[in-house]
Structure formats: C-alpha cells, structure tokens
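Undergrad: This is what each chain is made of:
2 protein chains.
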Amino acid sequence: MKSLSDCTITVVGLGLMGGSLAGALRGKCKCVVGVARRQETLDFALAHGLVDEGTSDLITGVRDADVVILGTPVRVIIEQLAELAPHLREGCIVMDLGSTKSFIVEAMDRLLPAHIQPLGTHPMCGKEKSGIEVAETTLYNGCTFILTPLPRTTEATVALGRELAEAVGANPLVLEADRQDYLVGTVSHLPYLLACSLVATANATTSKDPAVWKIVAGGYRDTSRVAGSDVKMMLDILMTNQGHVLDAVHAFEAQLQALTRLIEAGDEEELCKVLSAIRAQRREMFP
Amino acid sequence: MKSLSDCTITVVGLGLMGGSLAGALRGKCKCVVGVARRQETLDFALAHGLVDEGTSDLITGVRDADVVILGTPVRVIIEQLAELAPHLREGCIVMDLGSTKSFIVEAMDRLLPAHIQPLGTHPMCGKEKSGIEVAETTLYNGCTFILTPLPRTTEATVALGRELAEAVGANPLVLEADRQDYLVGTVSHLPYLLACSLVATANATTSKDPAVWKIVAGGYRDTSRVAGSDVKMMLDILMTNQGHVLDAVHAFEAQLQALTRLIEAGDEEELCKVLSAIRAQRREMFP
Chain A
73 MKSLSDCTIT VVGLGLMGGS LAGALRGKCK CVVGVARRQE TLDFALAHGL VDEGTSDLIT
133 GVRDADVVIL GTPVRVIIEQ LAELAPHLRE GCIVMDLGST KSFIVEAMDR LLPAHIQPLG
193 THPMCGKEKS GIEVAETTLY NGCTFILTPL PRTTEATVAL GRELAEAVGA NPLVLEADRQ
253 DYLVGTVSHL PYLLACSLVA TANATTSKDP AVWKIVAGGY RDTSRVAGSD VKMMLDILMT
313 NQGHVLDAVH AFEAQLQALT RLIEAGDEEE LCKVLSAIRA QRREMFP
Chain B
73 MKSLSDCTIT VVGLGLMGGS LAGALRGKCK CVVGVARRQE TLDFALAHGL VDEGTSDLIT
133 GVRDADVVIL GTPVRVIIEQ LAELAPHLRE GCIVMDLGST KSFIVEAMDR LLPAHIQPLG
193 THPMCGKEKS GIEVAETTLY NGCTFILTPL PRTTEATVAL GRELAEAVGA NPLVLEADRQ
253 DYLVGTVSHL PYLLACSLVA TANATTSKDP AVWKIVAGGY RDTSRVAGSD VKMMLDILMT
313 NQGHVLDAVH AFEAQLQALT RLIEAGDEEE LCKVLSAIRA QRREMFP
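Sequence lines, in order, name chains A and B.
Our numbering puts the first residue of the first sequence at 73, with every later residue one more than the last.
Our numbering puts the first residue of the second sequence at 73, with every later residue one more than the last.
Since the hints were made in silico from the structure, they are not lab data.
Where is the CB? At the ideal position from N, CA and C, for every residue including glycine.
One or more hints might be untrue.
As the list claims (entries may be wrong) - In silico DSS-like links for lysine-lysine, alpha-carbon gap of 25 Å or less:
1. B:K201 x A:K286
2. B:K286 x A:K199
3. B:K345 x A:K280
4. A:K345 x B:K199
5. B:K199 x A:K286
6. A:K199 x B:K201
7. B:K345 x A:K304
8. A:K201 x B:K345
9. A:K201 x B:K280
10. A:K74 x A:K102
11. B:K201 x A:K345
12. A:K345 x B:K280
13. B:K199 x A:K199
14. A:K201 x A:K304
15. B:K345 x A:K199
16. B:K345 x A:K345
As the list claims (entries may be wrong) - Have a look at the derived ranges for each label pair, beta carbon to beta carbon:
17. B:E112 x A:D281: 38 to 48 Å
18. B:P359 x A:E238: 30 to 40 Å
19. B:T132 x A:W285: 25 to 35 Å
20. A:D181 x B:L318: 29 to 39 Å
21. A:T210 x B:H159: 56 to 66 Å
22. A:V246 x B:G121: 48 to 58 Å
Produce the complete structure using the sequences and hints provided.
TA: Take a look at the structure:
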C-alpha cells in the first residue's frame with residue numbers, strides 16, 4: 073500500500089488552491105512537481121519553495137507521478153483527464169480540487185484506464201483572490217476536505233486521500249458526488265450569486281452617489297466578498313452544477329419574498345418571530 | 073462655543089454601540105455618564121472603565137448633560153426623545169446613533185424644545201454580536217460617522233459633532249436624512265435581509281443533511297454573518313426605512329433573476345461578461 077512519504081505528487085494548475093496545496097505537501101512526500109502554463113508561475117512557485125520541480129508541459133509533469141492532483145477549473149480538469157490518461161504510470165492515483173463533483177467523477181470513470189485509481193476531492197477553503205501570489209501553505213488548515221470515491225476506487229486509494237488531507241491540516245469527509253453538489257450548491261455557489269447580485273444592485277443604484285463609497289460598512293463588505301472570485305472558475309462551477317444551483321436560487325427567492333411580504337404588511341410580530349428563529353439558526357451554525 | 077473637553081456626555085443605552093462610544097469618549101470630555109436599564113450593564117460598564125458614572129434612571133442621567141447621545145434602537149430613541157425633552161439643560165445637544173435618520177430627525181424637530189440642539193448621527197460600524205460584553209473602545213476607529221443636521225441645527229453643533237466623531241477615531245460625513253436612508257437601505261439593510269434569507273434557505277433544505285455542518289465554508293459564513301444582528305434593532309430599522317428597503321430588495325431580485333436566466337439559458341458568453349464586470353466593480357469598491 074502506498075504511503076504519502078513515498079509518493080511523487082504532481083499538482084497541475086498552480087493557482088490559489090493548487091499552489092497552496094503543493095506548498096503544504098512539500099516535505100511530506102518524496103517530491104512535489106508543479107505544472108503551470110506560464111513560466112512566471114513556475115518561477116514564483118520555485119522561488120517561494122512551493123514545489124520541488126516545475127514544468128509547463130502537462131505530459132512531462134505527470135509521467136512519473138504516483139499521485140496527480142488537478143487544480144484547474146472544473147471543465148479544464150475534464151479536458152486534462154482526456155489528455156493525460158494515456159501517459160500515466162501504472163497504478164497512478166488521479167485526484168482533482170474542483171468544486172463540483174458529478175461531472176468530474178463521471179469523466180474520471182469514462183476517461184481514465186482501468187489501472188488508474190480516480191478520487192474526486194473538494195477542499196472547502198479558498199479566498200476571494202486568486203493566483204499563486206496569494207497562495208498560503210496554511211490555507212488548508214482546519215478545513216473540511218471532501219473525498220468522493222468512485223465505485224472502482226479502492227479502500228487503499230481513499231486511505232491515501234485521507235492521509236494527504238490530514239498532512240495539510242484538513243479534515244477528510246467522504247461524500248457521494250450528487251450529495252456534495254447539492255450541499256455546496258446552497259452553501260457555496262448560492263452565496264456567490266447573492267454576492268454578485270448585491271454588487272450589481274449597488275452598482276445600478278446607490279453607487280451613482282459618491283457618498284456611498286464612504287459608508288460601505290462591514291455588512292456589505294462581507295456579504296459581497298465572494299463576488300471577487302475568479303470568473304472562469306465560477307463559470308465552470310455554475311455550468312456543471314446548474315440544477316442544484318437553480319434550485320437553491322429558487323428556494324432563496326421564496327425565503328426573501330416571505331420576509332419582504334412581512335415588511336410590506338408591517339406584520340412586526342411575525343417578522344420578529346421569523347428573524348429571531350433565523351438568528352438562532354445562524355448562531356447554531358457558528359457558535 | 074462648546075468644546076468636547078468641557079462637556080458632560082450622557083450615553084443612553086450601553087449596548088455594543090453605546091458602550092463602545094462611551095468608552096472611547098472617556099478621558100476626552102469632562103465626564104461620561106451611562107444610562108442603562110439593567111444594573112448588571114451599569115456594573116460591567118463601570119468595572120471596565122467605559123463610563124465615569126452610571127444610572128438606570130433616564131431623567132437623572134440626562135439632567136446635567138451638555139450632550140446626550142441616544143444609543144438605543146430607533147423607535148426607543150423616539151420614545152426617549154419625548155420622555156427626556158422637558159428635563160434637559162438649556163442649550164443641550166441631543167444626538168443619536170440610530171441606523172435610519174428620517175423618522176428620528178423628524179421626531180427630534182417635533183419633540184425637542186427650541187433651546188435644544190438636535191443632531192442625528194449614524195456611525196457606520198458594528199458587529200453581528202450585541203451587548204456591552206462585546207463593546208470595544210476601538211470600534212469607531214476609521215469608520216465613517218454620518219452627521220445629519222436639521223434646519224435648526226447650528227454650525228457650532230455640527231462642529232461639536234465632528235469633534236466628537238474625530239475624538240473616537242471616526243471620519244465625520246454630513247448627509248441629509250433621506251439620502252442616508254436610501255444609501256444604507258442598499259449597503260446595510262439589504263445585506264441583512266440577504267443574510268437572513270440565506271440562513272433560512274439552508275435551514276429549509278441542506279441543513280437536514282448533517283454533513284452540511286462540516287462543509288459550510290468562508291463564502292456562506294461571510295454572506296450570512298449579519299443574520300446574527302440584534303433582532304429588535306433590525307426590526308426598528310426595517311420598519312423605519314420600509315420604502316427604501318423594499319426598493320432595494322426589488323432591485324436586487326431583478327439582478328438575481330438576470331443572472332439566473334443566463335445560467336438557465338447556458339449563455340456563457342454573456343454570463344462571463346456580466347460576472348467579470350461585477351468582479352471589477354467589487355474590486356473597485358474594496359481595492
């Protein structure tokens with residue numbers, strides 16, 4: 073059975089997620105190889121000790137790997153699976169860091185030869201800024217690291233996935249693809265759309281008043297933070313989780329309308345009851 | 073002309089906002105008197121050096137004040153204005169910390185005798201937790217402190233309001249009541265309703281899955297933060313800014329629907345354009 077310390081690990085895509093993971097894994101495995109298109113990214117990763125070696129050629133980068141981790145946007149991951157499949161070492165483990173899992177595990181199963189072990193993963197961390205410049209080796213500390221095994225994924229592969237998650241300070245959690253997509257549709261992708269719609273609303277109305285720039289307080293800043301997320305990454309997420317995302321939006325609209333109707337009607341008693349229950353739920357979530 | 077250092081200042085309502093302001097003003101004026109209903113609040117304020125003196129009797133507390141600052145919820149402020157009006161010292165300045173200004177300045181004008189100087193204020197800071205236990209004398213540092221003078225408010229009173237804001241580290245900004253209510257309706261009250269609706273959505277759907285508690289990441293936490301705000305305070309705010317709040321909700325719904333339609337249609341080109349513009353707007357707001 074493979075142990076992390078014996079593995080050569082190749083991280084493809086050295087953005088915030090991939091770059092941080094590479095740096096956190098360095099020293100905990102035999103070798104960390106980074107693959108990035110741009111030479112400046114590789115130079116940065118090497119200069120900051122995030123990788124042991126770097127290359128801009130995908131096939132060169134994955135050929136000798138025991139574990140390949142794809143840290144690119146969801147639909148780039150799917151393209152890269154097809155591209156690298158014939159070039160992997162016997163028994164190689166292929167993982168990814170994509171935020172949606174159904175499309176990816178389906179593609180892994182279809183595109184990877186039988187001797188390759190696939191394991192979908194989704195670490196629940198991030199920042200509103202992107203790129204290797206904001207990578208941090210502590211990014212994964214304390215976060216939940218979702219593992220989505222396929223029917224063909226062995227126990228040994230899941231065990232290595234757990235070891236890897238724990239090595240970077242994260243807590244592994246096994247979840248089936250559709251269930252993970254449903255959950256993150258509400259707790260991650262919906263907040264993104266709300267943040268974007270809030271920024272668009274302010275931009276269409278109050279932003280015309282120069283005073284607004286001086287009064288944007290904590291509530292607006294926090295509620296709009298994730299609107300700064302990388303657009304290509306988010307577009308892939310929305311397009312590969314359309315159904316759950318739209319369901320979440322519709323459920324949200326119904327809740328907002330219910331609150332709005334109480335405000336319109338001036339039904340303070342009911343409004344107070346509902347807002348108090350919501351406040352208690354929020355406190356239960358984040359004590 | 074009054075100078076801050078000569079003033080006895082009475083802060084009515086020693087919650088997060090009032091308690092923090094009292095503590096920040098202490099030592100910068102002659103005396104800070106705190107008024108709170110509960111003896112434990114007064115004991116806490118005295119023990120933590122947030123006030124020089126404390127009383128649970130409103131009239132006793134305001135009788136000798138040069139400046140009275142009402143730090144209670146908006147509609148309590150309006151009740152207290154009526155109650156304290158006959159008991160104030162000649163030339164006393166009455167300020168408040170309420171988040172909506174139109175109702176309050178109207179009540180100030182109607183309820184306070186001609187010899188009293190009214191000045192509405194709204195400091196743009198806060199936390200999702202409430203109560204004196206979370207008060208901090210640095211809360212006002214760097215925040216914008218909105219001043220809303222009435223037609224009868226003198227230049228000298230506005231100057232003292234500016235001095236007071238600057239003394240606690242804040243940046244004064246003069247804004248007319250309806251304009252401030254319009255702006256905060258979008259940048260402060262709307263985010264509150266979005267946070268509440270998001271929590272209610274998760275509670276009605278994904279919260280039934282115990283795994284969701286492990287995967288709530290930064291996006292959800294930040295976007296829902298202000299749902300933890302004090303309900304009585306928020307209810308007063310919503311009820312005294314109904315028109316602007318409902319307008320803001322409707323503008324938001326239109327923006328969310330526009331995004332949703334693009335996702336439904338799979339119109340990636342347009343979606344990418346819109347999300348990129350929003351990202352740029354967010355970055356312009358918070359560089």
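Undergrad: Now look at each hint and say whether the structure bears it out.
TA: Hints, verified against the model:
With a C-alpha separation of about 23 Å, the suggested pairing of B:K201 with A:K286 holds against the 25 Å cut-off. Our distance criterion of 25 Å between C-alpha atoms is met by B:K286 and A:K199, whose separation comes to about 18 Å. Only pairs whose Cα atoms come within 25 Å are accepted, and B:K345 paired with A:K280 is accepted, the gap being roughly 21 Å. As the CA atoms of A:K345 and B:K199 are separated by approximately 21 Å, the hinted pair is consistent with the 25 Å bound.
For the suggested pair B:K199 and A:K286, the alpha carbons sit about 18 Å apart, so the restraint of at most 25 Å is met. Of the pairs offered as hints, the one joining A:K199 and B:K201 holds, with about 24 Å between alpha carbons and a cut-off of 25 Å not exceeded. Distance restraint check for B:K345 and A:K304: the Cα-Cα separation of roughly 11 Å lies within the 25 Å cut-off, and the hinted pair is therefore satisfied. Of the pairs offered as hints, the one joining A:K201 and B:K345 holds, with about 18 Å between alpha carbons and a cut-off of 25 Å not exceeded.
For the hint pairing A:K201 with B:K280, the CA-to-CA distance comes to about 31 Å; that exceeds 25 Å, so the pair is violated. Pair hint A:K74 plus A:K102 holds up; C-alpha atoms about 12 Å apart against a cutoff of 25 Å. Of the pairs offered as hints, the one joining B:K201 and A:K345 holds, with about 19 Å between alpha carbons and a cut-off of 25 Å not exceeded. Annotation: proposed proximity of A:K345 to B:K280 holds, straight-line Cα distance about 21 Å (limit 25 Å).
Taken as a hint, the B:K199 and A:K199 pair is honoured in the structure, with Cα atoms around 21 Å apart against an allowance of 25 Å. A C-alpha spacing of about 13 Å is found between A:K201 and A:K304, which places the hinted pair at or below 25 Å, so the restraint holds. A hinted pair counts as satisfied when its Cα atoms are at most 25 Å apart, and B:K345 with A:K199 qualifies at roughly 21 Å. Distance check on the hinted pair: B:K345 and A:K345 sit about 41 Å apart at the alpha-carbon level, beyond 25 Å; violated.
The hint said 38 to 48 Å for the Cβ distance between B:E112 and A:D281, and at roughly 42 Å that hint holds. Distance hint check: the CB atoms of B:P359 and A:E238 are about 37 Å apart, consistent with the given range 30 to 40 Å. A hinted range of 25 to 35 Å for the beta carbons of B:T132 and A:W285 is inconsistent with their spacing of about 42 Å. For A:D181 paired with B:L318, a C-beta distance near 50 Å fails the hint of 29 to 39 Å.
Checked against the hint of 56 to 66 Å, the C-beta distance between A:T210 and B:H159 comes to roughly 57 Å, which is consistent with it. Against the hinted window of 48 to 58 Å, the Cβ-Cβ separation of A:V246 and B:G121 comes to about 52 Å, which satisfies the hint.
Consistency with the previously given hints fails for numbers 9, 16, 19, 20, ordered from lowest to highest.
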